[in-house]
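Model the full assembly from the supplied sequences, consistent with the hints where possible.
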Amino acid sequence: MAPEAVEALCDSLTLQRNFANPASLQHGFGERAYNLVETSRTKIARYLNCKSGDLIFTSGATESNNLAIKGIALDSQRNGNHIITSASEHKAVLDTCKYLESIGFSVTYLRPDIEGKISLDQVLSAITTETILVSLMHANNETGYIQNIDQIAKALEQQDVFFHVDAAQSAGKLQINLAESPIDLLSLSGHKFYGPKGVGCLYVRNRKGTHLAPLFHGGGQEHGLRPGTLPTHQIAGIATAFELANNVRDADYEHTKALQQAFTKQLGKLDGVYFNGNQESKLPNIINVSFENVSADALIIALRDEVAIASGSACNSGAVEASHVLRSMGIEGDRLYGAVRISFGRYTTLEEITWAGQRIGEEVMRLRELALE
Amino acid sequence: MIYLDHNATTPIDERVLDAMLPYLKSFYGNPSSLYRQGRFAHTAINRAREQVAALVGSSPSQIIFTSGGTEANNMALATLPKEGRLAISAIEHPSITEPALRLKHKGHEVSFVDVDQHGLITEAALDNLIRFQPNLVSIMLANNETGVIQDIAVIASRLTEKGILLHSDAVQALGKLPIGFDRLGIHLMSVSSHKIYGPKGCGALIFDKNVAINPIIFGGGQEQGLRAGTENVAAIVGFGKAAELAQAELVQRNEHLAVLRNLLENCLTTIPGLTIFAQAMQRLPNTVQFGIPEIDGEMLLMKLDQKGVAVSSASACASGGGKPSPVLTAMGIEAGLAKSAIRISLGQTNTEADILKFFNLLKPLIGQGSSS
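Residue numbers (this note's numbering), protein chains in the order written: chain H, 1 to 373; chain F, 1001 to 1372.
Just so you know, these hints were derived from the structure itself, not from any lab.
Among the hints, erroneous ones may be present.
What the hints assert, rightly or not - Listed below are the simulated DSS-like cross-link pairs for lysine-lysine, each with C-alpha atoms no more than 25 Å apart in a straight line:
no.	chain 1	residue 1	chain 2	residue 2
1	F	K1025	F	K1104
2	H	K154	H	K51
3	H	K98	F	K1323
4	F	K1303	F	K1209
5	F	K1209	F	K1082
6	F	K1082	H	K98
7	F	K1025	H	K43
Rendered as structure tokens:
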């Protein structure tokens, strides 16, 4: 977490500070907590260029994605039962869609090209009279590929179809301007931009009579869309982190771009190295790479006490299986089973990257030699 | 400023914050990751699960961490089978009442179990409940307004005989009463961290392994596939620490609360016409709800707030409606008296001086003696 976000979070926990229940409007303690929540909401809205009243706090992007997709689907049932998404989405979207299929919805999973791109034509030609929702991620969590969300949003604006964007990986790293992009729903996650875990947002544009069926029912918080005591400290933490991320966005970008270039150059010296996905339209902090004749699992386990790298997303890596993202892009065989994701950030240094690159290189060579024996 | 609203939320215990800090600053890994940072986080969650399990009297694998009590209560009711019948008590929290009404709207048969004038579920109500043949029943362990404790073990044994599942919302009881999930004989139980000096945004559903849980949030496979989403590591660690402290200090905490509550009730009973609701019942050691005829509770709260004392009338979630508390209404308390209700919920940092100061402020506000 960003130290600034830790500080904001710790400031909202103890008796001496702003600890109360924001719903306790009957007293000053509660009122102060309420004001902190609303200031935080306004702060996030300012950087998304949206109305603060259109933001709902959730427990994270997984919940935001569930609320957006289930919320629209279960509320719009009478308007249609078809959803369009892509096969390279996060599990939070794919598993939610699978659940909806189990209760009678039909889902089209668009396949990206080898670069990771979903084209506008693919989206438009999948739309039927039954389509109620298109859900696509802004930047992919495994390859970093950035979809042209703006273009798709503008094309869908004229249609009677809601557009949900999972921006968990891109928020705070890329500019998102909701006044210009007619996105209907957008998911954010605190811990991907140096904020706390356990908190996220869902943006819900008040357009086309957008109405969501809530996931839970209860005390009426968040316009009844997301009841439960608001975790004031986490909300203060996410807002501080988001503000900071937006203020240093260009610097973060340049920094991670420089690290990416150094790392790519270093790994490029090895033979049999494949960088997966388009290398231009991507977040610079994510590198997805396969090494010929080296399995991803062997490499990750060999390095696990030194260099934190992953195969696929963290949510899948408990079970060692090939990346569904790369598979959806048509990547197969060794390149699929050898793919590792290296992601770095604001606090990663060039020294660390150089050292990591060197250690990865050494292990790749060692594992290749072992394979020959 | 005096805070007497601990049933709405508690300030965090400094020792809990200290336990959380490393997981905010240094150990930021995602518990699902295989590398070292991830394994640290994973280990920390397992330890917290054991700490919470020890406090609630279950095995660690029976615990699903959630975003709080509301989510846990919603998950509990979501176990209701297709076309299943549900019964809830008339004094539940909105996070039970609202999903129950939603289920009713979707076509389930839902019945409300009456309480008597003391807020207790009577034998007769229990007999009626059993005749309704529900699949699932939800009855809170201790009420958030009056503090009245139900005899859940007895209710559980009556229901279990008939093969009926029982959920209990133990959000208010946790850390204030010894709770044994297994000993009570219930099948589902909800708890929350921020009522026991832990952080907000974290709770748990405790479940009997024979109950089929229907996930509400999908994707990622965390919490045995029953609750997806990157774990809120620091909050879970904080909940674990808060549970450990609550267990270790339960007796001394309750002794402290008993002293304060006796003092408070002795003061209050000197006021003519004042009623302490369910005073003769087994109640949470920190909770006192009272009413004074002819007094507007909302106005009184505002005036107390101006004098620097934070109390509430009912549940924080339901505050500001201008309607009498549904809990008091269910107990048959006359609307005028119910509207005057004030809830005092004490906590660890309160002192005898706080109680006396509160009482001295209260008296002139209700026309009993002048302000000093």
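Proposed proximity, F/K1082 with F/K1209 (alpha carbon, max 25 Å): This hinted pair holds, its Cα atoms lying about 19 Å apart.
Restraint status (C-alpha distance of F/K1303 to F/K1209 at most 25 Å): violated, 50 Å
Hinted pair, alpha-carbon criterion (25 Å max): F/K1025, F/K1104. Please report holds or violated. Judged against 25 Å, a Cα distance of about 46 Å means the pair is violated.
H/K98 and F/K1323 were given as a pair; does the straight-line alpha-carbon distance stay at or below 25 Å? With Cα atoms ~43 Å apart, H/K98 and F/K1323 exceed 25 Å; violated.
Proposed proximity, H/K98 with F/K1082 (alpha carbon, max 25 Å): With Cα atoms ~19 Å apart, F/K1082 and H/K98 stay inside 25 Å; holds.
Taking 25 Å as the top limit, are the C-alpha atoms of F/K1025 and H/K43 close enough? holds, 23 Å
If you draw a straight line from the CA of H/K154 to the CA of H/K51, is it 25 Å or shorter? The hint holds at about 19 Å.
In terms of the numbered hints stated before, the structure departs from hints 1, 3, 4, listed from lowest to highest.
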